[in-house]
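Protein chains: 2
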Amino acid sequence: MATVDVPDLVTRARQGQPRAVARLISLVEGASPQLRAVMAALAPHTGHAYVVGLTGSPGVGKSTSTSALVSAYRRAGKRVGVLAVDPSSPFSGGALLGDRVRMSEHASDPGVYIRSMATRGHLGGLSWAAPQALRVLDGAGCDVILVETVGVGQSEVEIASLADTSVVLLAPGMGDGIQAAKAGILEIGDVFVVNKADREGADATVRELNHMLGLGEARAAGDWRPSVVKTVAARGEGVDEVVEALEKHRAWMEERGVLTERRLRRAAHEVESIAVTALRERIGDVHGDRRLTVLAEQVIAGDLDPYTAADRLLAALTGPAAVAPE
Amino acid sequence: MATVDVPDLVTRARQGQPRAVARLISLVEGASPQLRAVMAALAPHTGHAYVVGLTGSPGVGKSTSTSALVSAYRRAGKRVGVLAVDPSSPFSGGALLGDRVRMSEHASDPGVYIRSMATRGHLGGLSWAAPQALRVLDGAGCDVILVETVGVGQSEVEIASLADTSVVLLAPGMGDGIQAAKAGILEIGDVFVVNKADREGADATVRELNHMLGLGEARAAGDWRPSVVKTVAARGEGVDEVVEALEKHRAWMEERGVLTERRLRRAAHEVESIAVTALRERIGDVHGDRRLTVLAEQVIAGDLDPYTAADRLLAALTGPAAVAPE
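Chains as they are written, first to last, in the working numbering: chain A, 1 to 326; chain B, 1001 to 1326.
No wet-lab data here; the hints were simulated from the structure. Please note that the accuracy of each hint is not assured.
Label pairs and their calculated CB-CB ranges [stated by the list, open to error]:
id, chain 1, residue 1, chain 2, residue 2, range
1, A, Arg-225, B, Glu-1237, 54 to 64 Å
2, B, Asp-1109, A, Gly-59, 43 to 53 Å
3, A, Pro-58, B, Asp-1303, 38 to 48 Å
4, B, Glu-1281, A, Ala-31, 23 to 33 Å
5, A, Gly-47, B, Thr-1277, 24 to 34 Å
6, A, Ala-31, B, Gly-1214, 33 to 43 Å
What you are looking at is a predicted structure, and each value in this text was computed from that prediction instead of being measured. Where is the CB? At the ideal position from N, CA and C, for every residue including glycine.
In isolation and in its complexed conformation, chain A is listed as follows:
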């Protein structure tokens, strides 16, 4: 891949050129050598976007709901980014995903940027590149970023760690209530949406949800009490109420410093992950030196236990020698 003019790309992305945004995300996804340059150029422009995570089982109407939320925010004059993370698809880039088709009503709107991402390696988890892609959309000037994932356990928890506000989507029937409790969804949802509310059982689902949220009533005074909203996203019904619930949660977080707290925790986690990955790479280098192999040989021979071996590996990695210029 030819070297690109990163500052120029960032400028064009900030002007709202979708191809520049796409290119930046591709550099990020491809773990380009210019990834660091991209991140450095974007940094001064980040921290503006409000990140909303949407999750739910297949069939609850996630794409329809996302699309309806995009429309609502567009009516309010906001620039909107959508990051659709598909844990089951090996494809990335969006063109191959159904989401793109279902979101096609926004395809020609320059105020909307839609990107699909596959997860790489992480079975069922969020792509490692997702936080960086969020950073691109944020730096490119999006006011709101909707991150949509299929709920498969792990990813719900990870999305909560990426988002300022987490929306959990449910639909009537489907035994969602019980499932939700199981998957720990109740803990991560700031706003619950019962979509397809024109179907039988919607009120029962809302009741069950309220009941289960009530069970957690041991919540400290001053804690956020999750909202429950009914929608028929396909007809746009209830969507304004969802936006209202989101803005209420956002205002609540800002008032109490919770937003900054969440973002701090997110940034700390991100920095830590990058640092640990870099350390793993150094271990890889050491592996090239056969140091790890020699230690492993001593472990399987019973000459060394794995903890002592790890101590020696770390001493080799973190000793003064390792600080030599790379």
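Given chain A's structure and the hints, the job is docking chain B onto it.
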């Protein structure tokens, strides 16, 4: 928890006292401060056990098959350890798990040690303590260790990384063939067992399996060609053939140095994991120093990108200062 006499515990475990083995595993599971002492005391006695992983979807008869294999190995005069890893259970220690009940025929046999383990944190994955528990059973003198997990994607792959030989269990019907291909089970199985072979569709499942394994025929000459065995584990039928297939695979691995290779890779991975965990802990310490928090603050303010922040964190961790006695 009171300090225990670790060398004495190890001696008693090696004499075959089940309570000593149980105590050692509890020390490991509880991440006791004495974990390191336990590992150091066990190291000289490890490397003897042959580790067989068993995985398969719920309902294929994993516990029954494990129990039948235990009987077969006991008839051959082997000491057998069983580690049942239950990714869905929050409980550990075995007494609460159904496996224990189903394995009760072996409960009074001093040549069999059975332990159930829940996974902690790793959604659907193997417990972090599993490799250490294996090490305890190995050091305690087990000739064979059977590691049983429910197949839920990730765990199948992880079990393959722990075992010398991986057994994948299937049952007729259930659309297992297709599922197997999906979950990448075909790549990890050294021996495939079609249990409940008295049911309709058993031959079709064997055929489908052979066909799919044949598709991977692009395998290099000299590669292991997985065995497919039919069993009715509840009646003990075909179990001797499974043991035969296992011993054939083990002999094949020993002949070609594959066994040592697998164990080396496993030990290297284990040492690396422990090292990375220790580094994470050091980052945690730095966090206590507010260093990570300060960096995260700079990231959310846009003053620093996360990669540069990670560089600074690493410099602080791996610089000469960090080498100071802990």
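Hint check:
1. Look at A:Arg-225 against B:Glu-1237: about 59 Å separates their beta carbons, and that is inside 54 to 64 Å.
2. Range check, B:Asp-1109 to A:Gly-59: about 49 Å between beta-carbon atoms, so the 43 to 53 Å window is met.
3. A beta carbon spacing of about 41 Å between A:Pro-58 and B:Asp-1303 agrees with the range 38 to 48 Å that was offered as a hint.
4. With their beta carbons about 27 Å apart, B:Glu-1281 and A:Ala-31 fall inside the hinted range of 23 to 33 Å.
5. Between A:Gly-47 and B:Thr-1277 the beta carbons are some 31 Å apart, a value that agrees with the proposed interval 24 to 34 Å.
6. Distance hint check: the CB atoms of A:Ala-31 and B:Gly-1214 are about 36 Å apart, consistent with the given range 33 to 43 Å.
Consistency with the previously given hints is maintained throughout, with no hint failing.
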